[in-house]
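Take a look at the letters that make up each chain.
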Amino acid sequence: DTEVTQTPKHLVMGMTNKKSLKCEQHMGHRAMYWYKQKAKKPPELMFVYSYEKLSINESVPSRFSPECPNSSLLNLHLHALQPEDSALYLCASSQGTSGSVSYNEQFFGPGTRLTVL
Amino acid sequence: AQSVAQPEDQVNVAEGNPLTVKCTYSVSGNPYLFWYVQYPNRGLQFLLKYITGDNLVKGSYGFEAEFNKSQTSFHLKKPSALVSDSALYFCAVRSLKAAGNKLTFGGGTRVLVKP
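If you read the protein sequences in the order shown, they are chains X and W. Going by the numbering used here, the first residue of the first sequence is number 1, and it counts up by one from there. Going by the numbering used here, the first residue of the second sequence is number 1, and it counts up by one from there.
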């Protein structure tokens with residue numbers, strides 16, 4: 001299985017809602033990532049997990065809360081978002097850890113299209 | 001700091017003609033270079049990478065890229081473009097000094113292949 005899956009595909013939420021994005025991979029990868037992508041722009045790194053531990057937080061606002069329950073799953077909990085948070089949220093995974101530079105490519109999921117009203 | 005530049009926002013090419021998408025990079029030390037493609041409303045798909053060795057790298061769907069250390073470039077090429085190659089292409093770099101496997105992406109180049 002060489003696939004990263006993400007649910008839901010689309011999400012519309014109000015600014016007071018709480019929702020979660022889910023990501024799953026069964027490739028045995030121990031590094032997992034959340035990216036935010038605006039239209040026609042490159043992905044922006046948000047978080048990196050290595051061996052289920054948060055290794056990078058790119059100064060993301062606290063209304064985004066990541067969680068890595070096990071080596072195959074990655075969640076992104078959303079609370080009190082702003083309209084400017086509307087974007088495509090991409091999950092990715094790769095071999096390699098935060099302790100060393102990895103030359104392995106990242107595998108991306110199809111993304112969750114988030115709209116904040 | 002590491003950076004990637006894709007100087008063309010869009011490349012237009014006729015089907016059957018050669019396709020080139022340009023990428024230059026700046027890193028400290030040896031670079032690890034990647035090309036990804038993104039179709040509308042989809043995630044990124046890995047095309048190819050350069051780690052070390054032969055400067056000409058062959059990847060998926062008939063794409064190849066040439067690493068040029070002196071010009072700090074890693075241009076993506078395809079000898080004969082297809083309409084289905086129309087998509088958004090991202091070059092990315094990672095260096096030995098980048099913590100946490102952090103990739104730095106270029107701004108992207110939209111490729112439009114016309115029949």
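If you're looking for bench data, these hints aren't it; they were derived computationally from the structure. Please note that a few of the clues may not be correct.
Under the rule of at most 30 Å between Cα atoms (straight-line distance), these lysine-lysine pairs were calculated in the DSS-like manner [as the list claims (entries may be wrong)]:
{"no.": "1", "chain 1": "X", "residue 1": "18", "chain 2": "X", "residue 2": "36"}
{"no.": "2", "chain 1": "W", "residue 1": "102", "chain 2": "X", "residue 2": "38"}
{"no.": "3", "chain 1": "W", "residue 1": "114", "chain 2": "W", "residue 2": "22"}
{"no.": "4", "chain 1": "X", "residue 1": "53", "chain 2": "W", "residue 2": "102"}
{"no.": "5", "chain 1": "W", "residue 1": "22", "chain 2": "W", "residue 2": "102"}
{"no.": "6", "chain 1": "W", "residue 1": "69", "chain 2": "X", "residue 2": "9"}
{"no.": "7", "chain 1": "X", "residue 1": "36", "chain 2": "X", "residue 2": "9"}
{"no.": "8", "chain 1": "X", "residue 1": "18", "chain 2": "X", "residue 2": "53"}
{"no.": "9", "chain 1": "X", "residue 1": "41", "chain 2": "W", "residue 2": "49"}
{"no.": "10", "chain 1": "X", "residue 1": "53", "chain 2": "W", "residue 2": "114"}
{"no.": "11", "chain 1": "X", "residue 1": "22", "chain 2": "W", "residue 2": "22"}
Cross-check of the supplied hints:
1. At roughly 18 Å between alpha-carbon atoms, residue 18 of chain X and residue 36 of chain X fall within 30 Å of each other, so this suggested pair holds.
2. Taking the CA atoms of residue 102 of chain W and residue 38 of chain X, the gap is near 19 Å; set against the 30 Å cutoff, the hint holds.
3. Between residue 114 of chain W and residue 22 of chain W the alpha-carbon distance is near 19 Å, which keeps this suggested pair within the 30 Å criterion.
4. A distance of roughly 15 Å separates the Cα atoms of residue 53 of chain X and residue 102 of chain W; the hinted pair therefore holds under the 30 Å criterion.
5. Between the alpha carbons of residue 22 of chain W and residue 102 of chain W the distance comes to roughly 22 Å, so the proposed pair stays at or under 30 Å and holds.
6. Using a Cα cut-off of 30 Å, the hinted pair residue 69 of chain W and residue 9 of chain X is violated, with the two alpha carbons roughly 40 Å apart.
7. Between residue 36 of chain X and residue 9 of chain X the CA atoms are separated by roughly 14 Å; this keeps the pair inside 30 Å, and the hint holds.
8. Taken as a hint, the residue 18 of chain X and residue 53 of chain X pair is honoured in the structure, with Cα atoms around 23 Å apart against an allowance of 30 Å.
9. For the hint linking residue 41 of chain X to residue 49 of chain W, the alpha-carbon distance of about 21 Å falls within 30 Å, and the restraint holds.
10. Between residue 53 of chain X and residue 114 of chain W, the direct Cα distance comes to roughly 46 Å. Violation of the 30 Å bound is thereby established for this hinted pair.
11. Proximity of residue 22 of chain X to residue 22 of chain W is assessed by CA-CA distance (about 35 Å); at most 30 Å being required, the pair is judged violated.
Going down the numbered hints, you'll see the structure goes against 6, 10 and 11, while the others check out.
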